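Asker: Here the protein sequences come in this chain order: C and P. Take the first sequence: its letter number 102 is residue 102 in the working numbering, and every next letter is one higher. Each number in the working numbering corresponds to the 1-based position in the second sequence with 1000 added.
Source of the hints: derived by calculation from the structure; they are not laboratory data. Small disclaimer: the values here were computed from a predicted structure and weren't measured. Using N, Cα and C, we set each Cβ at its ideal position, and we do this for glycine too. Check each hint, because a few of them may be wrong.
With a straight-line cut-off of 20 Å between C-alpha atoms, the simulated EDC-like cross-links for lysine to aspartate or glutamate are [claimed, not checked]:
1) C:Lys107 <-> P:Glu1059
2) C:Lys38 <-> P:Asp1038
3) C:Lys3 <-> P:Glu1100
4) C:Lys3 <-> P:Glu1059
5) C:Lys3 <-> P:Asp1056
6) C:Lys38 <-> P:Asp1056
7) C:Lys3 <-> P:Asp1038
8) C:Lys107 <-> P:Asp1038
If you anchor each label on the Cβ, the simulated ranges turn out as follows [stated by the list, open to error]:
9) C:Asn52 <-> P:Gln1022: 30 to 36 Å
10) C:Arg63 <-> P:Met1019: 39 to 45 Å
11) P:Pro1075 <-> C:Ser87: 20 to 26 Å
12) P:Ser1069 <-> C:Gln83: 30 to 36 Å
Stretches of chain P that chain C covers, calculated by requiring three or more beta carbons in the stretch to come under 8 Å of a beta carbon on chain C [what the hints assert, rightly or not]:
13) 1042 to 1056
14) 1098 to 1112
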Amino acid sequence: AQKVTQAQTEISVVEKEDVTLDCVYETRDTTYYLFWYKQPPSGELVFLIRRNSFDEQNEISGRYSWNFQKSTSSFNFTITASQVVDSAVYFCALEANQAGTALIFGKGTTLSVSS
Amino acid sequence: NAGVTQTPKFQVLKTGQSMTLQCAQDMNHEYMSWYRQDPGMGLRLIHYSVGAGITDQGEVPNGYNVSRSTTEDFPLRLLSAAPSQTSVYFCASSPYSGGEQFFGPGTRLTVL
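In isolation and in its complexed conformation, chain P is listed as follows (with noise of 0.2 Å):
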């Protein structure tokens, strides 16, 4: 199994441009997540899916958007990049309500 993976590793934009983070997993959870690290601030939960076709906010939704077309895939799409945008974003996963979350290597998006 891979696991939880992403792509782009590394990702420079520009403001105003917009972009898709992808995450996938092969584990067949039903959960999946997406979190943005900044220093000092933790991880905060940006949009979550309990499912295909289920998604919803977390704690810092604006100027993202998500969807779940399918078990696997939970892509995380900016739609005007803007500098405050700039983070390490991560995917994650989990097989159940409760269980532990599998994290993906992370993405490193810089907005100029």
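The shape of chain C in the complex, shown without the other chains (with noise of 0.2 Å):
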């Protein structure tokens, strides 16, 4: 079975704050892709990164970091110094063979970030 764990529903931090928001998933398949979306108010869905399984290295994007862990199954991604418009929902993803090219989501996590 496929299945996506996000197991903070809501974060708040102050600005400038780091905060990490995590990613836990199952699958059997020796090949999948993990992914991070982010959903602002406005609603639409923002594609952030793509992490194939054999490319355990983690990956710095500006103030963006995610961190790749085969070994406990975990895609975690950490905003330093967080600023008010990284305000938003997060969803981490995973797409397997069983799910033919479709993405498994997580809950989400909303987080919020106040001046």
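Reconstruct the complex from the two isolated chains, following the hints.
Answerer: Below, the structure is given as structure tokens:
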């Protein structure tokens, strides 16, 4: 079975704090892909990152960084020096063969950044 | 490129009515999917397609039909709307397996 768990339902931080959003996944496939999407209050889904199961390198993009650990089936997302504009719902998602190229989403983490 | 477009943006139906949510993409993507988003539930897969003429069910397919007669279009049909189908519906397309999924802006559907 394929499953994505985002245990943190809501997180509140003050601007400039660092915050980590957790994502744990389950799959029996050896080839799979992991994604993070952002959904701001306007409602659209914004692609942040894609990672395949053979690439465990961590990635940094500006204030965003991702930590992929196959040993713990986790793909965590860290925002450094958070800003009010980071307030959104963040979704982790898994694509594996059994879902035929469609995504299995976690339930999302709502991040609120206050000034 | 317009990307992925969805129509309508908003729709109100009465219980028992039928309707079709339209989804089109102009990126020549083989893979297309429909999801519904409900509060606290994330996005759940309804149906997906890996190419024209090929569709399959996702996690929550009951009450919905799809077909894929062209690469560009992937309409979602509600056969007999129920209040439980009140949701926001997203269509997505992807160029290949494991590729980025491009999402449409969504359709907010209310069934009374």
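Asker: Holds or violated: Lys107 of chain C with Glu1059 of chain P, Cα cutoff 20 Å?
Answerer: holds, 14 Å
Asker: Regarding Pro1075 of chain P and Ser87 of chain C, is the given constraint of 20 to 26 Å on their beta-carbon distance met?
Answerer: Violated, at about 34 Å.
Asker: Below or equal to 20 Å on CA atoms is what counts here, so check Lys107 of chain C against Asp1038 of chain P.
Answerer: Judged against 20 Å, a Cα distance of about 10 Å means the pair holds.
Asker: Taking 20 Å as the top limit, are the C-alpha atoms of Lys3 of chain C and Asp1038 of chain P close enough?
Answerer: Holds, because 17 Å separates the two Cα atoms, which is no more than 20 Å.
Asker: For Lys3 of chain C and Glu1100 of chain P, compute the direct alpha-carbon distance and say whether it is at most 20 Å.
Answerer: Roughly 19 Å separates the two Cα atoms, so the pair holds.
Asker: Indicate whether the distance between the beta carbons of Ser1069 of chain P and Gln83 of chain C respects the range 30 to 36 Å.
Answerer: Hint violated: Cβ distance 45 Å, outside 30 to 36 Å.
Asker: Lys38 of chain C and Asp1056 of chain P: Cα distance at most 20 Å?
Answerer: Since the Cα atoms of Lys38 of chain C and Asp1056 of chain P sit roughly 27 Å apart, the hinted pair is violated (cutoff 20 Å).
Asker: Does the alpha-carbon distance linking Lys3 of chain C and Asp1056 of chain P stay inside the 20 Å limit?
Answerer: holds, 19 Å
Asker: Examine the region 1098 to 1112 of chain P for residues whose CB is less than 8 Å from any CB of chain C, and state whether their number is three or more.
Answerer: holds (count 8)
Asker: With 39 to 45 Å as the target window, see if Arg63 of chain C and Met1019 of chain P comply at their CB atoms.
Answerer: holds, 42 Å
Asker: Residue count check for the region 1042 to 1056 of chain P against chain C: does it reach three with CB-CB under 8 Å?
Answerer: holds (count 7)
Asker: Is the straight-line distance between the alpha-carbon of Lys3 of chain C and that of Glu1059 of chain P 20 Å or less?
Answerer: Holds - the C-alpha atoms of Glu1059 of chain P and Lys3 of chain C are around 12 Å apart, at most 20 Å.
In the structure shown, a violation is registered for the earlier hints numbered 6, 11 and 12, in ascending order.
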